[in-house]
Amino acid sequence: MDEIIRVKNLYKIFGDRPLKAIEALKKGESKNDILKRYKLVIGVQDVSFSIRRGETFVLMGLSGSGKSTLQRLINRLHQPTRGEILINGTDIVKLGQKELREFRRKTFCGMVFQNFAILPHRTVLENVEFGLELQGVEREVRENKARKMIRQVGLEGNENSYPSQLSGGMQQRVGLARSLAVDADILLMDEAFSALDPLIRRQMQDELIELQAKMKKTILFVTHDLDEAFRLGDRIAIMKDGQIVQIGTAEEIIAKPADDYVRAFVEDMDRTAVLTAGTIMQPVRETAFPADGPRTILRKIRRNGLSGILVADANRQLKGYIIADHLADYIRKHSEDKDLTLRKDLISQPTVVTSETPLNEVLKSYKDVQYGPVAVVDGRNRLQGVIVRGAVIAALSEGARTESNTNDADT
Amino acid sequence: MFPFRIPVRDWISKGVDYLVSEYSALFDAFSSLVYFLVDHLKEGMLALPPLALMAIIVLITWKMAGWRVALFALFGLLLTENIGLWDALVETLSLVITAELLVMVVGLPLGIMAARRDRFDAFIRPVLDFMQTMPAFVYLIPAVMFFGLGLVPGVVATFVFALPPLIRLTNLGIRQVPAELIEAADAFGATNSQKLLKVQIPVAMPTIMAGVNQSIMLGLSMVVIAAMIGAGGLGEDVLRGIQRLQVGQGFEAGLVVVILAIILDRITAGFGNKSNQHS
Ligand SMILES: Nc1ncnc2c1ncn2[C@@H]1O[C@H](COP(=O)(O)OP(=O)(O)OP(=O)(O)O)[C@@H](O)[C@H]1O
Ligand SMILES: [Mg+2]
Numbered sequence: 001m002d003e004i005i006r007v008k009n010l011y012k013i014f015g016d017r018p019l020k021a022i023e024a025l026k027k028g029e030s031k032n033d034i035l036k037r038y039k040l041v042i043g044v045q046d047v048s049f050s051i052r053r054g055e056t057f058v059l060m061g062l063s064g065s066g067k068s069t070l071q072r073l074i075n076r077l078h079q080p081t082r083g084e085i086l087i088n089g090t091d092i093v094k095l096g097q098k099e100l101r102e103f104r105r106k107t108f109c110g111m112v113f114q115n116f117a118i119l120p121h122r123t124v125l126e127n128v129e130f131g132l133e134l135q136g137v138e139r140e141v142r143e144n145k146a147r148k149m150i151r152q153v154g155l156e157g158n159e160n161s162y163p164s165q166l167s168g169g170m171q172q173r174v175g176l177a178r179s180l181a182v183d184a185d186i187l188l189m190d191e192a193f194s195a196l197d198p199l200i201r202r203q204m205q206d207e208l209i210e211l212q213a214k215m216k217k218t219i220l221f222v223t224h225d226l227d228e229a230f231r232l233g234d235r236i237a238i239m240k241d242g243q244i245v246q247i248g249t250a251e252e253i254i255a256k257p258a259d260d261y262v263r264a265f266v267e268d269m270d271r272t273a274v275l276t277a278g279t280i281m282q283p284v285r286e287t288a289f290p291a292d293g294p295r296t297i298l299r300k301i302r303r304n305g306l307s308g309i310l311v312a313d314a315n316r317q318l319k320g321y322i323i324a325d326h327l328a329d330y331i332r333k334h335s336e337d338k339d340l341t342l343r344k345d346l347i348s349q350p351t352v353v354t355s356e357t358p359l360n361e362v363l364k365s366y367k368d369v370q371y372g373p374v375a376v377v378d379g380r381n382r383l384q385g386v387i388v389r390g391a392v393i394a395a396l397s398e399g400a401r402t403e404s405n406t407n408d409a410d411t
Numbered sequence: 001m002f003p004f005r006i007p008v009r010d011w012i013s014k015g016v017d018y019l020v021s022e023y024s025a026l027f028d029a030f031s032s033l034v035y036f037l038v039d040h041l042k043e044g045m046l047a048l049p050p051l052a053l054m055a056i057i058v059l060i061t062w063k064m065a066g067w068r069v070a071l072f073a074l075f076g077l078l079l080t081e082n083i084g085l086w087d088a089l090v091e092t093l094s095l096v097i098t099a100e101l102l103v104m105v106v107g108l109p110l111g112i113m114a115a116r117r118d119r120f121d122a123f124i125r126p127v128l129d130f131m132q133t134m135p136a137f138v139y140l141i142p143a144v145m146f147f148g149l150g151l152v153p154g155v156v157a158t159f160v161f162a163l164p165p166l167i168r169l170t171n172l173g174i175r176q177v178p179a180e181l182i183e184a185a186d187a188f189g190a191t192n193s194q195k196l197l198k199v200q201i202p203v204a205m206p207t208i209m210a211g212v213n214q215s216i217m218l219g220l221s222m223v224v225i226a227a228m229i230g231a232g233g234l235g236e237d238v239l240r241g242i243q244r245l246q247v248g249q250g251f252e253a254g255l256v257v258v259i260l261a262i263i264l265d266r267i268t269a270g271f272g273n274k275s276n277q278h279s
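If you're matching them up, the sequences are chains A and B in order. For the first sequence, the residue numbers in the numbering used here are 1 to 411. For the second sequence, the residue numbers in the numbering used here are 1 to 279.
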């Protein structure tokens with residue numbers, strides 16, 4: 001896997017003579033002890049991880065856990081106390097001021113901030129041009145680019161507005177466009193959507209996912225919201241007291257929380273938004289082939305104690321679904337016909353999802369069909385598995401149980 | 001109470017004598033520069049027919065502060081002309097503008113420096129406090145010592161008196177620029193001068209303009225006082241009124257000072273609002 005950022009044993013201690021704190025940490029003293037004894041604040045301690053090119057990597061944790069500090073170390077807005085940060089193979093800790101500036105310009109799409117950090121005296125267009133302007137890009141070129149980005153984020157027609165005339169969501173689009181206008185690999189976003197109200201926030205998350213599909217940046221996204229982390233992140237790193245306590249995909253973190261801190265986060269969340277069809281599907285025990293005779297198919301159904309059967313060809317291409325009762329009726333009516341063949345209209349269209357479909361959407365489609373399983377297929381309509389009603393209910397009640405647990409804890 | 005007297009006055013006059021004789025070329029050059037500026041400004045403005053200059057001032061006022069203030073300016077200026085104080089007003093205006101130009105040339109860089117370097121800020125803060133608590137006419141003394149009597153020491157005293165608020169507010173304005181904006185500029189790879197010119201100064205502009213406004217107001221009050229050392233302008237008419245107990249005449253000149261003050265205040269405040277309206 002192509003890796004773009006690698007961080008090794010990184011420390012950031014705030015205060016004078018910070019190395020004392022590293023010694024103390026090695027002796028096992030806590031963040032609070034060190035703050036009291038040495039007046040040093042632990043921002044980030046002994047963090048190592050790497051980020052793959054093109055992935056959305058989320059840093060997640062409570063307030064003060066060091067997310068922003070870690071992110072700002074990676075573009076060196078903070079000077080590391082110790083450790084290495086390799087980006088595209090360059091150790092940026094060693095760069096001089098001028099080299100660092102050049103490096104930021106060609107590697108980072110600036111940064112997107114919680115409070116937007118766009119310039120109040122500049123129009124939307126001028127704000128979006130900002131990064132290019134700093135690089136000395138010609139007026140015409142940068143204006144074209146900026147206009148294109150403004151269109152991409154859906155702000156057409158607002159080019160000449162000032163930030164004070166825009167809503168929060170629109171201002172953050174400006175912030176996003178300003179970053180995307182710069183041709184660079186890595187996009188840093190610090191609580192970029194946290195200041196927006198929930199509806200707009202959702203919308204921005206969806207749009208980011210859409211934009212990301214087109215732009216294929218490497219995104220390092222900071223949030224304290226697990227829902228957001230799981231929606232956006234290919235992988236999530238959970239931070240606590242300046243350390244990373246767990247790295248993994250949403251499913252991995254939900255399935256195996258590393259410790260109680262992570263468990264506490266995971267329990268609060270709505271599982272149906274995180275679990276996907278893939279996580280709860282079951283292997284298909286037996287399918288009918290299109291060439292099978294009706295009696296063979298009925299035998300297959302009875303043998304497995306099913307109420308129906310999926311039809312797939314030898315290449316596992318999904319062809320449809322046959323309901324046991326309908327098939328049985330058909331056979332009874334034509335009982336004297338020895339060479340009975342399958343009538344086309346007995347094969348119905350089952351509900352189909354892919355393994356990435358979130359469970360809450362599976363549930364929605366489930367309500368639409370009275371009977372039959374949900375078929376899970378891959379990109380080429382090949383049958384992967386099946387979701388039976390029981391599995392969905394189980395996953396749901398699991399969510400309900402954790403929810404009622406937390407409610408109990410509250411009362 | 002004491003058997004001796006500490007010779008403060010001797011030290012100071014010796015010091016001044018030393019400076020004046022050692023750096024006479026410098027003082028002369030500065031002197032002629034100031035004289036040149038004030039004189040050309042004044043002659044330039046007087047070369048215009050009063051009505052034309054009035055129209056220009058009223059137009060600027062209208063642009064910056066709206067039609068009500070512009071109307072006030074029109075009547076105020078017409079009144080000034082009518083009571084024969086037009087030339088004095090123009091002279092005072094040239095003194096104030098020149099002094100304010102010097103204030104900006106010196107004050108902006110000092111304010112920026114104070115915002116960027118805490119140690120310089122710590123050093124300059126008490127100096128500014130000292131400058132601002134000193135009674136205004138005390139500034140006349142060193143000005144006279146270095147530049148004699150006349151218009152140049154008047155401008156110099158005005159300059160010194162009007163300098164602190166611009167330094168203070170420039171410093172304040174730049175320090176108040178949100179940290180995130182600076183971080184954003186850094187994250188996009190801005191150089192220090194790009195940060196200053198594209199982020200810090202423009203964002204601090206409303207506050208800096210408030211500093212300009214304050215220093216112009218202080219400058220105007222000082223220019224009037226500077227008539228005591230022969231700076232000329234409206235102050236001279238006020239002074240004459242006082243000395244000859246001609247209440248009416250002194251009051252007329254005072255009134256014109258107020259008119260000028262209001263016009264200048266609204267224009268510069270208008271500038272501030274214009275740079276403020278987007279934030
Ligand atoms: N410039 C600084 N000087 C001193 N301490 C700092 C500085 N920046 C951060 N810290 C401290 O470092 C720790 C981590 O802070 P950081 O801002 O990275 O947390 P965070 O996870 O981003 O939290 P939040 O969700 O509140 O933004 C905190 O204890 C904080 O007080
Ligand atoms: Mg933060």
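I should point out that these hints are in silico values taken from the structure, not numbers from a laboratory. Take the hints with a grain of salt, since some may be wrong.
Capping the alpha-carbon separation at 25 Å, the derived lysine-lysine pairs in DSS-like fashion look like this [what the hints assert, rightly or not]:
#	chain 1	residue 1	chain 2	residue 2
1	B	Lys195	A	Lys98
2	A	Lys148	A	Lys217
3	A	Lys148	A	Lys98
4	A	Lys8	A	Lys27
5	A	Lys148	B	Lys198
6	A	Lys338	A	Lys300
7	B	Lys195	A	Lys145
8	B	Lys198	A	Lys106
9	A	Lys94	B	Lys195
Predicted, not measured: the structure shown is a model, and the values here were computed from it.
Outcome of the hint check:
no. : hint                : result
1   : Lys195/B x Lys98/A  : holds (15 Å)
2   : Lys148/A x Lys217/A : holds (17 Å)
3   : Lys148/A x Lys98/A  : violated (30 Å)
4   : Lys8/A x Lys27/A    : holds (20 Å)
5   : Lys148/A x Lys198/B : holds (23 Å)
6   : Lys338/A x Lys300/A : holds (18 Å)
7   : Lys195/B x Lys145/A : holds (22 Å)
8   : Lys198/B x Lys106/A : holds (20 Å)
9   : Lys94/A x Lys195/B  : holds (23 Å)
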